[in-house]
Amino acid sequence: MELADEGRAVAMGAAKQRELLALLLLSPNRTVGRDRLIDELWEGRPPRAAKSTLQAYVYRLRKLLARTGATAVLHGRPGGYLLEVPASALDADRFEQSVAEGRRAWDDGRLADAAAAFRAGLGLWRGAAFADIDLLAVRDRARALEDQRLEATEQCLTAELSVGRHAVAVVELEALVEAHPLRERFWELLILALYRCGRQAEALEAYQRLHRLLDEELGLRPGQSAQDLQQQILAGDPALTAPPVTDGRPAEARVPRQLPAALSGFTGRSGHLAELDKLVHDSGETGLDRPGAVVIIAITGTAGIGKTTLAVHWAHQIAERYTDGQLYVNLRGFDPGSRPMEPGEAVRGFLDALNVTPERTPSGLEAQTGLYRTLLADKRVLVVLDNARDAEQVRPLLPGGRDCLVVVTSRNRMSGLIALDGAHPVNLDLLTVDEARQFLEHRLGPDRVAAEPEAAAAIIASCARLPLALAVVAARAATHPHFPLRALADELRESNGDLDAFDDLEQHMDVRAAYSWSYTRLDPEAARLFRLLGLHPGPDISAAAAASLAGVSLERAQMLLSELTSAHLLAERRPGRYRQHDLLRAYAADLARRIDADADRRAAAHRVSDHYLRTATRLLPPRRPSTTLTSVLAGVCPRPLADLGHVDAAEVRARTGHCTAVR
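Just so you know, we're using our numbering here: the sequence shown kicks off at 1 and counts up by one.
Honestly, I wouldn't trust all of these hints.
Derived CB-CB ranges, DEER-like [unchecked claim]: (1) L136 <-> T241: 47 to 55 Å; (2) G76 <-> D228: 53 to 61 Å; (3) N29 <-> D228: 42 to 50 Å; (4) R36 <-> E392: 54 to 62 Å; (5) T241 <-> E392: 37 to 45 Å; (6) T31 <-> R221: 48 to 56 Å.
Taking lysine-lysine pairs in the PhoX-like style, the calculated list, with each CA pair at most 25 Å apart, reads [claimed, not checked]: (7) K51 <-> K16; (8) K63 <-> K16; (9) K278 <-> K379; (10) K63 <-> K51.
Hints in this document: simulated from the structure, not taken from any laboratory.
Glycine included, C-beta positions come from ideal geometry on N, C-alpha and C.
Please model the entire structure based on the sequences and the hints provided.
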């Protein structure tokens, strides 16, 4: 029992005071005798000062009601008390009114109105009635209310099945037969709902569950109504099919179309588009050789690489194949100023798109996910899960239907989703030079790019062929159509890798901000290695050189490098060899200058220099000028002998020249 003041629960004091209010609420707007209250309040064993104690409770309760501004007023009457309560103030009264309205609508043939009225009344329940009041008189009333609730639930679900809402009803009915296993009407409705969902075998299995339950518990067989239903299913009786909706409001008429706006003039990524098309044939079969399983595609890559752009463009190309709708959600896995979306919030959003009203949405993520998967079980739906944080955020949103397609985008490599859920990885790299040029031609016009080919090439190089950086520069050029491209190219060149050249007023178009969303999710040690990589003399680095740079063991460096590659802040080009593009290196170097002390940066530079000099010395031919090196610096990880055969000669020459200068 709860007393609310403008939606806020009000503490009602001692247990006996709560019980007194409950007894008065059993007979609202009627005088309840003092002797009856005493007898029921103390259940036939009143204290010696029962009358004065009752008066004290009445006094406190009256003050409580007045203080909270409650619409109920407690009056003294000869021989007893009367609690004056407006009809709209009691949930129980409103529930009974809604049920009566539902029955009238049912009798009039307004099935959708009946379902809505029943559901509105049931939505007033927040648990068992008087659950916290342990008095015999109240328990009797609570049982009566519970019987009314269950009867209304049966009537509500009957009405909802009559207007085609069988798919939504299955999950609720499964929970109801679990909670009330001996209530046969719930079983009958579950069997019918399963059958109308095209799940005939499961419907017959539910009947067998009911049969076993009644036999084991009561030694009985199912009632005649349930037996008749089983025979109708076995015979394929057409009378069991969902009747036509006459009031024009079936629950599942609206098809979700949630994809973001289609992008005009999409360019590039022809290879990736072809790869995606191979995974989903026109017939609806998959290229994953996993019959009966939902198809999951994980599009991954670094910040600003164009994952969402590709996913949305391709989703629009194939949307017509998914006739039951397209669902889309930005999971905010890597967003500025926003926490990643909880899976429950995303599931509830999808349920809303699938026409499940809030009052029909079950509580708890597991139940919500079960309902979501039930609704999509025999549907062809495209689900786009954009900007995912990790596999754990994605899994509750995976449908079970084999005809569904899920497209996930993330900066995370989604290794768990690939290994455990069979997702097919599509990893995006930087644009090719030709694709980057097409990008500029689309944004600025082919004539403007063709007029200054060298400047366009310089812009592409300065942007490291990163789509986000190209978009920022192209937007600047487009808003200044009379600026020569050479001026923009010179500005980028003179910035010498400073990311300020790619700043934008909108955070989602700011290169530095985009990288920061990935960086801030790193563990501290991995974040430190990322910063130090910005100090490395060149975009390529081995695991041993990275270990020396950070002053950690080779094994620890490999773990940190794995975290960076998983976050797409580093790419492993071949086993043990890693690479960062120029803009990522510029961002890392900027962080190192702002966060790491000068002494720490110098020490890192000396360690990696020592590593390369020792590697070069070990590679020199036997008949070489003598080279004297000091003892190995602390934290330097020499290149393993087994790896020396794979060292690139050009790399050694470049690194040795740099290291000699540092030494």
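Exercise. Hint by hint, which ones does the structure fall short of?
Worked result: Of the numbered hints given earlier, the structure breaks none, since each of them holds.
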